[in-house]
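J.: Position chain B relative to chain A; hints supplied.
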Amino acid sequence: METLIEFFSFEYPNIKYVVFGTILLSISSAVVGCFTFIKKKSLVGDVVSHAVLPGICISFLASGSKDPFLLIIGAFVSGWISIVVMDAITRNTKIKEDAATGLALSVFFGIGILLMTYIQHSGNASQSGLDTFLFGKAAALIGVDLLAFSIIAVIVLVVVFLFYKEFKLISFDPQFAKVIGLPIRRLEIILTSVTVLAVVTGIQAVGVVLMAAMLITPAAAARFWTNRLSKMLIIASVFGAFSGISGAFISYSTPSMPTGPWMVMVLSIIALFSFFFAPGKGIVINQWRRFKIQRQLLEENLLKTFFKIGESNNDYFREIETNDIGLARTFSTGQLTKGLRKLNANGYVEKVGNAWRLSKEGHDKGKRITRLHRLWELYLTKYLRIAPDHVHEDADTIEHVITPELESRLEQLLNYPTADPHDSTIPSRN
Amino acid sequence: MIGDAISHSVLPGIVIAFLLVGSLESAWMIIGAGLLGVLTTFLIEFFHQKGKLQTDASIGVTFTWLFALGVILVTYYAGNAHIDQDCILHGEIAYVPIDLMYDDAGNAIGPKAVIVLSVVLVVILLFIGIFYKELFITTFDPDFANAIGISSSKWHYLLMGLVSLTTVASFESVGAILVVALLIAPASAAYLITQDLKWMLLLSSFFGIVSSILGYWLSYLLDGSIAGAMVTISGVIFGICYLVTVLKK
Chain A
1 METLIEFFSF EYPNIKYVVF GTILLSISSA VVGCFTFIKK KSLVGDVVSH AVLPGICISF
61 LASGSKDPFL LIIGAFVSGW ISIVVMDAIT RNTKIKEDAA TGLALSVFFG IGILLMTYIQ
121 HSGNASQSGL DTFLFGKAAA LIGVDLLAFS IIAVIVLVVV FLFYKEFKLI SFDPQFAKVI
181 GLPIRRLEII LTSVTVLAVV TGIQAVGVVL MAAMLITPAA AARFWTNRLS KMLIIASVFG
241 AFSGISGAFI SYSTPSMPTG PWMVMVLSII ALFSFFFAPG KGIVINQWRR FKIQRQLLEE
301 NLLKTFFKIG ESNNDYFREI ETNDIGLART FSTGQLTKGL RKLNANGYVE KVGNAWRLSK
361 EGHDKGKRIT RLHRLWELYL TKYLRIAPDH VHEDADTIEH VITPELESRL EQLLNYPTAD
421 PHDSTIPSRN
Chain B
1 MIGDAISHSV LPGIVIAFLL VGSLESAWMI IGAGLLGVLT TFLIEFFHQK GKLQTDASIG
61 VTFTWLFALG VILVTYYAGN AHIDQDCILH GEIAYVPIDL MYDDAGNAIG PKAVIVLSVV
121 LVVILLFIGI FYKELFITTF DPDFANAIGI SSSKWHYLLM GLVSLTTVAS FESVGAILVV
181 ALLIAPASAA YLITQDLKWM LLLSSFFGIV SSILGYWLSY LLDGSIAGAM VTISGVIFGI
241 CYLVTVLKK
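In order, the protein sequence lines correspond to chains A and B. The first sequence begins at 1 in this note's numbering and counts up by one. The second sequence begins at 1 in this note's numbering and counts up by one.
Accuracy of the hints is not assured; some may be wrong.
The calculated DSSO-like cross-link candidates involving lysine-lysine, where the alpha carbons are at most 27 angstroms apart (straight line), are [what the hints assert, rightly or not]:
1. K281/A / K52/B
2. K96/A / K112/B
3. K16/A / K66/A
4. K249/B / K96/A
5. K52/B / K168/A
6. K154/B / K96/A
I should point out that these hints are in silico values taken from the structure, not numbers from a laboratory. As the structure is a prediction and not an experimental result, all values here were calculated from the model.
Bound conformation, chain A alone:
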């Protein structure tokens, strides 16, 4: 707790720098990442982050200095070239996009490693520290770097803000954007440049490999919470900023812990949580919804079966043995035991010894489902001219979802019928 207060009071200017820098970085890469995510080119970030290495080395070899702005220019250029190469390979050959991606990534990185080791072995004293580009050094951000970061991050954010509508269009529907006369090529170039810029700066904080996560993970997590791009950008930025602060805090409270990997760890935990539990799209929520629908189907099908057996015997409230239910309609043993237990608990059927008896509520519900089933069958034969022996399955599905309003309209349309195409009586409304 004490560390927490100490951390957030920003007593040490260094903490302020680190926190400020990582937040800016996280937000700008999260925002850019949303667009690459929508274009289904998330891994471009990974490629660029590996491909900047040769650029950094060449610009160091050419200038002999580690001026962050010069290195960033070199990185920017080689990041751009990697994207061009990747596009050329996919466009001109039969090689698929993922292979082209992997190829561009690893070959550029290989060249970078070759150059970097060449520089390291060349005995140039000023080269030390060049390899922070590989693994990042978020915890050691200093004045000059921070200035470079902030400027670039702000540029990235401003450009995205200015071109928001255009970027949105070319990401979702490039064909349409073209038709309405947007300069697609120029916009694509701007968007790619912004992406490369975000990657180039981010690398210095979290390193080559984890940079991909800074782009992809916030966007992927945010996607599970909303369907609107504007909200997605905000949510992704919040996730990014939060991970930036937590990463900085963790490495502050436990000095041996690296900032970059922890930022990614926090982001990943947020993302995993979103994948599973986000309302509407989460895996757990979806499975639960499916489970509930399946249970509803089972219950309604059972009640319908009860009703039909009762109908054929002209006695809806007689005791029916479990076996007889299975004879009337196929249920697995598990379905039968589980479904009947549930119906019993909800008061739709009562257990009498080894047999079951419909209750008043159960009877009404079974009656309604049967009614809907037969109404729909009649509708299909009458209005869609489907043969009577082909309508059962369709009706079996839709009977569970017809609303009372739809029921009334069907009734009206069919002129309050009393018999379905198979001459069974359509039970009256309760």
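T.: Same frame as chain A, now just chain B:
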């Protein structure tokens, strides 16, 4: 890209294997890494199918997460581990002859990496030789394979298991990322030139051999990383094949 993803995500497997066994025995590390490799493919598929997450994002999230976990574990146990992220990322093939393997009597029988990689090579060649038909059919037409009773997902996981095996066996020498280049570049170059899978296998092996030899020579010339130079050469070979096919059109 799955190869790239696996090559990164095996890191925690290696670290955990190391922590459990307490030694850098290759066999254990390969088992740990192999398990993580399969887990990675499984997670990618799981998020993609159950979570409806698009594949590229699914790959990206999964491998960066596992890699971050690996780096955190490495840093946490850095005090007593002889592994660090440098060696995992860009390996050093020049140390291979130093790390010798000994038989029971204590006589050196050869460099460890060479022995391990030879075993892996034999395993892979045997696997491809014996199951060529199954691999062929599940790769080219998984639906047909499923229809005639060959489970394409089983072969998919087996193949991915082999990919992680190769990756782990090689990463000590060339590093995780450059393994990917050696996995993709020669194969893609061969793919551009030939239509026949058998020829493609042969050609890509040939390109692999050429890149190793020329790469070694280039690194000697520049005094740089051997793995980096090998990858550079394989990139050049791909570039030549690319130009040839594009100009032919």
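J.: For every hint, state whether the structure bears it out.
T.: Going through the hints against the structure:
no. : hint           : result
1   : K281/A / K52/B : holds (8 angstroms)
2   : K96/A / K112/B : violated (36 angstroms)
3   : K16/A / K66/A  : holds (24 angstroms)
4   : K249/B / K96/A : holds (18 angstroms)
5   : K52/B / K168/A : holds (22 angstroms)
6   : K154/B / K96/A : holds (23 angstroms)
This entry does not satisfy hint 2, going by the numbered hints stated previously; all others are met.
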